[in-house]
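Enquirer: Here are the chains, one letter per residue:
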Amino acid sequence: MTFPDALSRRDAIVLAALSAAATAIGPRLAHADAAAVEAEIKKLYADKKLGSGRVKIDVPQIAENGLVVPINVEVESPMTEQDFVKAVHVYADGNPLPGVVSFAFTPACGKAAASSRMRLAQTQNIIAVAEMSDGSLFTSKVEVKVTIGGCGG
Amino acid sequence: MSNKPVPRVRVPANAKKDELIEIKTLISHEMESGQRRDSAGKVIPRRIINTFTAEFDGKTVFEATWHPAISANPYQSFFYKAVKSGEFTFKWKDDDGSVYESKAKIQVA
Amino acid sequence: MISRRDFLQAGAAASALVAASGLGPLNRVAAQQRLSQADILRFQPLGTLTLLYVADLHAQLRPVYYREPSINLGVGEVKGLVPHLTGKDVLAHFNLPAGSPMAHALSSEDFVALAKNYGRMGGFDRIATIIKAIRAERGEGNCLLLDGGDTWTNAWGALQTKAQDVVEAMNLLKPDAMTGHWEFTLGAERVKEITDKLPFPFLAQNIRDTEFEDRVFEPRKTFERGGAKIAVIGQAYPYTAIANPRWMFPKWSFGLREDDLRKEVEDARAEGADIVVLLSHNGFDIDRKMAGRVKGIDIILTSHTHDALPDVVKVGQTLLIATGSHGKFVSRLDLDIRDKALKGYRFGLIPVFSDAITPDAEMAALVAKHRAPFEKDLSRVLAKTEGLLYRRGNFQGSFDDVFTDAMLQVRDVEIALSPGVRWGASLLPGQDITFEDVTNACAMSYPQCYRTSMKGEMLKTVLEDVADNIFNPDPYLQGGGDMVRVGGMGFTIDPNATIGQRISNMTNLRDGKPIDANREYTVAGWASINEGTQGPPIWDVVSQYLTTKKTITPRPLDAVKVVNI
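From first to last, the protein sequence lines are chains A, B and C.
Per the numbering used here, the very first residue in the first sequence carries number 581; after that it's consecutive.
Per the numbering used here, the very first residue in the second sequence carries number 320; after that it's consecutive.
Per the numbering used here, the very first residue in the third sequence carries number 8; after that it's consecutive.
A few of these clues could be false.
Far from chain C, by Cβ distances over 10 angstroms, these chain A residues were calculated [stated by the list, open to error]:
id, residue
1, 611
2, 613
3, 621
4, 627
5, 638
6, 643
7, 648
8, 650
9, 666
10, 712
11, 727
12, 728
13, 729
Partial chain C-side listing against chain A, Cβ under 7 angstroms, derived [to be verified]:
id, residue
14, 122
15, 265
16, 482
17, 486
18, 536
If you're looking for bench data, these hints aren't it; they were derived computationally from the structure.
These numbers come from a predicted model, not from an experiment.
Beta carbons are placed, not taken as given, at the ideal position from N, Cα and C, and that holds for glycine.
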């Protein structure tokens, strides 16, 4: 009442449903947390106040593939010589290391927006900090869900 | 790294003056994070492209610093306000010291 | 029609008759006499344009029984709202007399008795008759037929012909546009091969390639019908690459892409569209949320979650239409468009009662032609069922028990997992279970029934993850189907809890002991999204089980306990 051994012994293939998460995570390594992200921000900006608003993080609400998660950050700014976005730093609080990417903009960009693709080990928050030409800082945070998937619908 | 990284860029050949254009770039690279272990349990050493730079007529207009969380075959897009005709130079700096380069001209009318 | 009122009256008359004769529910003949094609098609026309809408046909070329869910929970803000009403609550909400045709078509109440009265629903030849009749009535140039997707897969013939049979049948219906979801499990190459030749556009604003984020399909098309310009934007299932095997379309990325959608709506208006229609495979709750967040959409034709609603749901100024699945209904929406705006509408969810509607000969011949090579396989009797077999519902259905029992026995494992897909027709007590019936519930391009082992804690992780994909209170964070079906293990679920907290009391049904987080269990399952999964196709596993078992006696579905609802 069982299938030939050749078939039934193929145990190595773990339920696909598990694989998305498993692949992204790999062997369980220590991961960063909110404190590690804060520490990174402090390294750059000490205890300077972080304002809210102006920074828009665009990520999929659910990641299709933990190894390739698109991220777009856009900061409200006229992008003139007098008033522009100097830098945007992106962090993830559930990866082995908190840093993801830093963008350095110039007024020549015309628009303070950039897209990259990142690896996310698990469901976690993405934090972006924008530094304006006058030295002021703005931040925002968004969660990305990394799911096992499967189960069609 | 099995193959030499190959950059690919999308820059519009023409733009109107003061038009906001999106520039898209890709480069083939494994972006070894330094977080993985081989079958023997040894950490595979980090080797990533750590910096992407876009210059226009020799002047840096945009730069990205990539950490190990950036995906393999890294993608980077950004904007540029087309003021005059000229040439972009894109540079990718590898952990091993290599620099990969690609150029693209734009005509602004 | 069937405006709702007509049906209510028909139903009320039927009830009166029943009461007078004291014979119980209408017998079949009486039901057919009540339900004439003319009655079903009767509709007070409005305006100059008719939208016709079908979705989630799942390649069911012929009529089927399909029991609507008896449990379909809404969580968070949508708790208790349509479409999360089932059974008697559906009847009460829509004022449907018990035992009436629409009551039967839309709820699980008294399903077996009423199914025997009213017969099967759907069938491409009946759908063709309805569509032809409406086109004849309104004029072809005043109709727009749209297909919401999940059309090309999940029947044996469609699997064997790589959807050629359904594609040809659909083409005969002459749709104006479609979008998709399960279509993508044919693989990117085959999908492109088909869509390149389709005589109508396959629309998907939310699919982009994984390199430079270029569009893979046209996002939108504007039609001139009934004196109006109608922009149709396609929205494919946003979580296809998560819910289904991404390796089958590795260069395509999906997602909700709300900002892109806003731009499509703006562009459509700028190009002169009078109304904007979103042909969406998002699923009802996502569409309801999106309707509130993306302004300027007049109509959302929603699908994926298989909901059938006899009335329009309004979110602000946006009308949501849910047309059901498996060919049970054709939606008709008459629109009065004047001065570049929607001034009025009239809606009818037309039930495709196959015994009342004359099959269209041309379609019937095409379906028969495509069936012929597989007829012998399809009609092979494997067993008989003594009870109702169905799948649809948030948790294990009686047909799912057949699948999990088959895996436990044939793959010799302690625990079996079966996907909570919403498709799969129902069988009535006393029916033979044919190979066609089995494949209607499992025909897909990644059918391997794997065998593996898993620790108890991993099983918990799987259940929690799937549960969060159904019961997350934010519709945008919901993906996939119903809860994963489980054999050999019982559990308690609190849908309103948070991830990690929903599942408890996981019990090994073999010995009644709690599942041990650290012990390895042998596990079988099918529909793995992993590339290279090995194992016999699930239909072989189930067929082998049924052939040996000969008679299926469904048992009470008490292994899953739902709490706090």
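Enquirer: Next, verify each hint and record whether it holds.
Expert: Do the hints match the structure? See the list:
no.: 1; hint: 611; result: holds, 17 angstroms
no.: 2; hint: 613; result: holds, 17 angstroms
no.: 3; hint: 621; result: holds, 27 angstroms
no.: 4; hint: 627; result: holds, 33 angstroms
no.: 5; hint: 638; result: violated, 7 angstroms
no.: 6; hint: 643; result: violated, 8 angstroms
no.: 7; hint: 648; result: violated, 7 angstroms
no.: 8; hint: 650; result: violated, 7 angstroms
no.: 9; hint: 666; result: holds, 25 angstroms
no.: 10; hint: 712; result: holds, 24 angstroms
no.: 11; hint: 727; result: violated, 6 angstroms
no.: 12; hint: 728; result: violated, 4 angstroms
no.: 13; hint: 729; result: violated, 4 angstroms
no.: 14; hint: 122; result: violated, 25 angstroms
no.: 15; hint: 265; result: violated, 9 angstroms
no.: 16; hint: 482; result: violated, 10 angstroms
no.: 17; hint: 486; result: holds, 6 angstroms
no.: 18; hint: 536; result: holds, 4 angstroms
Figure legend: structure checked against the earlier numbered hints; hints not met, in rising order: 5, 6, 7, 8, 11, 12, 13, 14, 15, 16.
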